[in-house]
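Once you have looked at the hints, place chain B on chain A.
Residue numbers (the working numbering), protein chains in the order written: chain A, 1 to 432; chain B, 1 to 432.
By construction, these hints were calculated from the structure, which means they are not laboratory data.
What you are looking at is a predicted structure, and each value in this text was computed from that prediction instead of being measured.
Think of the CB as a built atom: it goes at the ideal place given N, C-alpha and C, for glycine as much as any other residue.
Any given hint could turn out to be false.
[Claimed, not checked] Okay, the calculated bits of chain A under chain B, using three or more residues with CB under 8 angstroms as the criterion:
| hint | stretch |
| --- | --- |
| 1 | 243 to 249 |
| 2 | 288 to 302 |
[Stated by the list, open to error] Facing chain A, a subset of chain B residues (Cβ under 8 angstroms, in silico):
| hint | residue |
| --- | --- |
| 3 | G17 |
| 4 | R39 |
| 5 | T74 |
| 6 | A246 |
Protein chains: 2
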Amino acid sequence: MPLTAVVALPAAAPPIGHVVLALAAILAAAKLGGDLAVRLRQPAVLGELVAGVVLANLDLLGVTWFRSLTGDATIELLAQLGVLILLFQVGLESTVRDMLKVGVTSTVVAVLGVVTPFALGWGVGALLLPGHSTYAHAFLGATLTATSVGITARVLKDLGKTQIAEARVILGAAVIDDVLGLVILAVVAGVIGAAETGVALSAGGTGLILAKAALFLVGALVIGVALSPRLFAGAARLRGRGVLLATALIACFVLAALASAIGLAAIVGAYAAGLILEDVHWREFTRRGEQRLQDLIAPIAEFLVPVFFVLMGMRVELSAFAHPEVLGLALLLTVAAIVGKQACALGAIGGGLDRLSVGVGMIPRGEVGLIFASIGMTLTLHGERIVDAGVYSAVVIMVMVTTMVTPPALAWSLARGERRAAARAAGPDAAA
Amino acid sequence: MPLTAVVALPAAAPPIGHVVLALAAILAAAKLGGDLAVRLRQPAVLGELVAGVVLANLDLLGVTWFRSLTGDATIELLAQLGVLILLFQVGLESTVRDMLKVGVTSTVVAVLGVVTPFALGWGVGALLLPGHSTYAHAFLGATLTATSVGITARVLKDLGKTQIAEARVILGAAVIDDVLGLVILAVVAGVIGAAETGVALSAGGTGLILAKAALFLVGALVIGVALSPRLFAGAARLRGRGVLLATALIACFVLAALASAIGLAAIVGAYAAGLILEDVHWREFTRRGEQRLQDLIAPIAEFLVPVFFVLMGMRVELSAFAHPEVLGLALLLTVAAIVGKQACALGAIGGGLDRLSVGVGMIPRGEVGLIFASIGMTLTLHGERIVDAGVYSAVVIMVMVTTMVTPPALAWSLARGERRAAARAAGPDAAA
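Bound-form chain A, shown alone (with noise of 0.2 angstroms):
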């Protein structure tokens, strides 16, 4: 008998060289794009999303070999791991605990700034896109609603002043929000999938959608929390190297899956397993010399993350500047979203806190934004796409400027206050 085929023989090889050359470049640019914009004292972020709108845009020039990147499935695939580490890694700057600490301040700050952009938005698409659906309107919406809690994090760090209240108020408030904007994300999205489906929408399926959404994240908060001691406990009698990390990321995986599977987005899976997981529960790592979690996944993000905004920024042709339709949405998009998280400011109830600095710290919409444009690009409604090119290209250029605005207006309203609080302290009686 001769030998015969008694093993699986591998897939179709990807073209590793050429997939590997494209991430060089990606990261190359990611690198100088962040470089200059540190240098400009805006968010590396920023600088990547530039890149990207550079690289693709070269085929105006001829050079179309960038462009071609953003149709590749394998760097779609390391850009989409990109932004699930990314949001594990936000869910770990918090924890469940952190959430409930914030309180009524952070929770009423995080709500008006959730309901305020999402109806401005709504009534901006209705203003300016007629021609869409109700549900295109609604999702517009959405896109404003959630702050980034990266960038905010990013900037008061830059700025020395995490340990301020309103720093305090703003991430606790941003952290809710991201909550707040993920379950909107998944309501509208599962109010446009019933559409699509042509069943009515009753109010009985959106509540079903809600309760699923809720159901999913506080089941997934309270048995997570309730598991994770335990499975880091069991994890720690293993032997070899890059335990912990490897139970992290079957945690953040295995979540970002179940999400996906009951029809939320993946990154609402691994932005819980962030929060579930809490440094206690590697104690048993860390004592023995091991790295903390966030400096294991640190280099992870550094890889991948990049990917995924380089990516979102290639997706933009320059030639839709030339729309004045899409100038015009951005222009008034930009406006909602920024006037829309100056309601935050009237929810900065007590503690003498500095309201101003509270809303403008959540005007930055950063990644979470993107990522809900490119979702949008994924839906469809009786064949037409909920987010269109165009509202695409207006919702990069909200998040681009309310991403560049935030780091010197939050430190001229910062230095603000501080005038104000020295001016108070100075002349008690005002203060009293």
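Structure of chain B alone, referenced to chain A:
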């Protein structure tokens, strides 16, 4: 004018939920298998291979999902990235200078340790596979050449013996060995490629392949060593996070793409990049308090490398072991692999070296043998695979056995060497 398609729409998104669930399963299997291997005092990589074998062969019990992953192009991509990162990481453990320093002893050990197993493997092929072409026999010899420096280093580290003279000789020889093995792979694969295209195999053609491989390696090493300090000095001027890691990954990816473009395996480039980069290049980054590159690469390797080994294990079908030809081939191949490397002992001249330990330390083949075999599965000659499924299974068995026998054998032979040295010290006349 309606808003038209002015941006590139996202590529058909891979089913991210499916991919991350597969990654979670692979990581869990890798860590459980690794734990068992470490408890049995084996290298973790053995446990990862066995875990893959177990998962995929659950199809014998009706669970076919894991077997289906062996045909998943996205998992294959991540595995290929993993092995690139591994070879880069292994390359980082040595420098170009280290290779020059080990000098005559390591070179003689390496050459004997490559020529002898190559000849024996070729002979085993000619003996047991008379129906296969001479090219297939030569390829089988090539799979036996390269010592796995990763496994060797990890075993020596486990035994706390990285600083003894024998360890330096073994590691130095393993480095040269890897390069020689990669050159042999390039030559054999190139010769097969020449035969496939029908061009008669000429000494000139063979020489050209060898020259191309040698030119790439020497060129990459010489130019790389000259350019690398400037590259990192330039990168150190960039602001923002993750610049060191990105710069190193770019070097790795560019050399991998370059190697791939001139027809070498991408891992050759990744390994060369690792050899070129040295701690001194990123002194500026560590001076600022950033982590060492090795610590930044390690988490990425911990994430992606197990994907490669578990996937490799998953390519084994246990039903292959029912074929006497496979078992016979695996047995003779394993004997050739172990006996062939004992020729190294003849080269371990001078300095009162424990020759047996040098020979035993060169035994493990690990990832490099598997990489060779998986490359062989992608090569065809007149429509027939150079490494067919049965031969691949035999190579996997050889890798598993050589990996498994090394830790206990090396522990025993080092203890024996110490006893002999102690006896010499007690009776100085006998040692003189």
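### Query
Which earlier hints turn out false for this structure, listed by number in ascending order?
none
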